[in-house]
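Asks: Sequence:
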Amino acid sequence: MFDALDGYCERVGPEYWAEPLNALTNLAFLLAALIAARRAWGQTLPVLLAAMLAAIGVGSWLFHTHAQVWAAAADVIPIAVFVLTYLYAANRHYWHLPVLPAIVATALFVPYAALTVPVFALLPGLGSSAGYAPVPLLILIYAVLLRHRLPRVAAGLGLGAAILIVSLAARTVDGPLCSVWPAGTHFIWHLMNAAMLGWMLEVLRRHLAQRAAGGQDGP
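Note that the sequence shown covers residues 7 to 225 in this note's numbering.
Hint data in this document are derived by calculation from the structure and do not stem from the laboratory. Heads up, the beta-carbon is just placed ideally off N, CA and C, and yes, glycines get one too.
Just the calculated beta-carbon pair ranges, DEER-fashion: (1) V186 - P26: 15 to 23 Å; (2) G220 - S185: 51 to 59 Å; (3) L30 - A219: 34 to 42 Å; (4) A86 - R44: 19 to 27 Å.
Could you put together the complete structure from these sequences and hints?
Replies: Shown next as structure tokens:
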């Protein structure tokens, strides 16, 4: 539980501030969460997701400062909760599924990830980023399937997936580029993920606001 971890280029020792860039860039999650919450105030699900976004920043801060097993759990659990909650929101509000079918559809993410992560792990150089790779793929699948039903939402999801793919690339090259870029590139993953998750919340907020106003998601 308290074993030390060292998985990033920037960390060269066990000290609390051994990863200053990786730690401080987590403030971007808090800023994105604050902006999202203020814009979505009064919309229960987006505000809840904004709180989860803040929790991602706190968990990642703990991981990149303490760098122990328990902190790794504090890092990944809020991410998983956010992904599943947003997926539920997509199933409910983009596909208009009733509560129980939306929950079942959300639960299918578990076997989906179990099948796709080993496939992504076969890609040379992807390494631990394979665990995240199913997420942009799923967002793209939703974007394609929703392109006629909700074109604006589909475009927003497509942009979110594109940002996440670039962000994932930054996470992936952190180790390979370490010898030429000692600061690493993991902090870029934080900054781009904060922007991407904030954008995904904005896509949901706009859709819910449009529906509340009786509008249509036209081209």
